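Keeping the supplied structure of chain A fixed, place chain B upon it in accordance with the hints.
Number of protein chains: 2
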Amino acid sequence: MLNGKTLNKVRIGVDLGGTDIKFGVVDSDNNIVDKWIVPTPKGCDNITDTIAGKCREIMQSYDVTSVGIGTPGLIRHNRVTAFNLDLNAFPLSDVLTEKIGTPVKMSNDANCAALGESAEGAAKEASNCIVITLGTGVGGGIIIDNRIYEGAGSGGELGHMCIQHNGIPCSCGQKGCYEKYASATALIRYATEHAQANPDSILAKKYTANGSKLNGLMIFDSEREGCPVAKKVIDIYADYVACGINSYIFIFDPDMIVISGGISNAGDLLLDPIRAKIPFDIPLKAAQLKNDAGIIGASLLN
Amino acid sequence: MLNGKTLNKVRIGVDLGGTDIKFGVVDSDNNIVDKWIVPTPKGCDNITDTIAGKCREIMQSYDVTSVGIGTPGLIRHNRVTAFNLDLNAFPLSDVLTEKIGTPVKMSNDANCAALGESAEGAAKEASNCIVITLGTGVGGGIIIDNRIYEGAGSGGELGHMCIQHNGIPCSCGQKGCYEKYASATALIRYATEHAQANPDSILAKKYTANGSKLNGLMIFDSEREGCPVAKKVIDIYADYVACGINSYIFIFDPDMIVISGGISNAGDLLLDPIRAKIPFDIPLKAAQLKNDAGIIGASLLN
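Chains as they are written, first to last, in my numbering: chain A, 33 to 334; chain B, 33 to 334.
Next up, chain A with everything else stripped away, as it sits in the complex (with noise of 0.2 angstroms):
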């Protein structure tokens, strides 16, 4: 101790998010020594205050060296637009920056993510990865020499590559983008239409029981218990992931793809179908981070 703050050098990482803002800190080894939740503010300025608040006063503690924050929405020229949190092309890091008296970098959650993949999970031996987050949408990030490839700032927006020209509307305007077809969302769809299509089946019972709803654990789980019906979902919806996977492996001959988000939790399950269909010898992995890779790839921002 010195000065009541430990010895060691240490980086904040902040993961803002749309229920709750998560607070690591980071030492250099990317170890989480310590690590806060709390409830996300409404209004731009409220979201601010907390985060600088927070970082100050983890700075009272902890020798620390940066901070680095992974945002939702679209960053572009430093500002992120994330109608939900309410910041409208905010300059997020600059306002931080001079509230905290500390340089803050910023870049996209899923970005983040990525990189505390890269750094200390699935991919670490990789230099070049692609991590693709599976949930209500597809994220995903670009590690590229183990950083993030950005572009002028809002790359890395694996989910809207269109697969399917003219297909299913998306939110971003355009047509038959990946995410309408391999989302956890999409996997659900399929499998409440195959559910209801065939109601004798495990998956059908499952969906029944729980107020005919299935989440992505009940699907996984009606297929280990020998449902052909599920296994025929996740069949269909692997024949998706992996048609943008094999896009991704032709454009960017990565070193090893990387599966995250909730559903990635099924393991081999998920992933066995979908090597089946990727013709390349390219490693494809669960994320192992879970919900740590956002605050450690935003500790790393540089």
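Hints are computed from structural coordinates only; laboratory data are not their basis. Remember, it's a predicted structure, so these values are computed and weren't measured experimentally. There may be inaccurate statements among the hints.
Covered stretches of chain B, as calculated for chain A (at least 3 residues, CB under 8 angstroms) [stated by the list, open to error]: (1) 176-187; (2) 222-233; (3) 273-282; (4) 285-291.
All C-beta atoms in this analysis are idealised placements derived from N, C-alpha and C, irrespective of residue type, glycine included.
Leaving out everything else, chain B in the frame of chain A:
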């Protein structure tokens, strides 16, 4: 002159093609100060002997600091496979390095052309750009921080992104590849179908007069002459080209998109309908260096 050599340091750029091999002497301002074209001989040994011989000859007249070569085919782990040139996982640059006695760098020919456009052509002002070559297939190159991105070696295969899940089968083994819909070959396919279906159109008359064959020039000439059928064909084609470009913008958020290949000579007749379908404020330009792009780009490999 010093010992018979010019004093200024120059680089050799070699553009290896199926028909001929182009050699250029490139100065520090990226001007091609000397140039030779020789027919491509048959067989791997003859190709390497021809390239090495010409480079050694050039090095007797010029103070050469580096040699770079652009080759067709797929490069992985510094070995090139281009069946039409009898190259099968062949360590072309290593063999040339030994034969010439100076380090030879190698990349894909489309990558070299992209690097040339980035260094001295349409994308000179852009650090990050995507060059899309519309030819028999669709090729291209990814330029990040003014350098070629090629991942483990074969990145930048921009024509094999899937834009139509389960679409037209491609020679790569996948279905629905961008190049099946956005190559010059595809444009001529759309035009041929429309000419046959509209025998009174200006386009159909050119088609018939040319022995039931169309080329890109005839299609754009027809539009210039007011042919609504040609206009519709170009619009259909532009929609597919833009579909891929929009995906690449979401993925890379580049500073610029450059279109190269023979049909880019149509200029705004081709580019304007594409631009109309791109909802982003990112410049779309035609390539400027034409056949010299590959030589200049190869000379810049490092």
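The hints, checked one at a time:
1. 176-187: holds (count 8)
2. 222-233: violated (count 0)
3. 273-282: holds (count 5)
4. 285-291: holds (count 3)
The structure does not agree with numbered hint 2 stated previously, though it agrees with all others.
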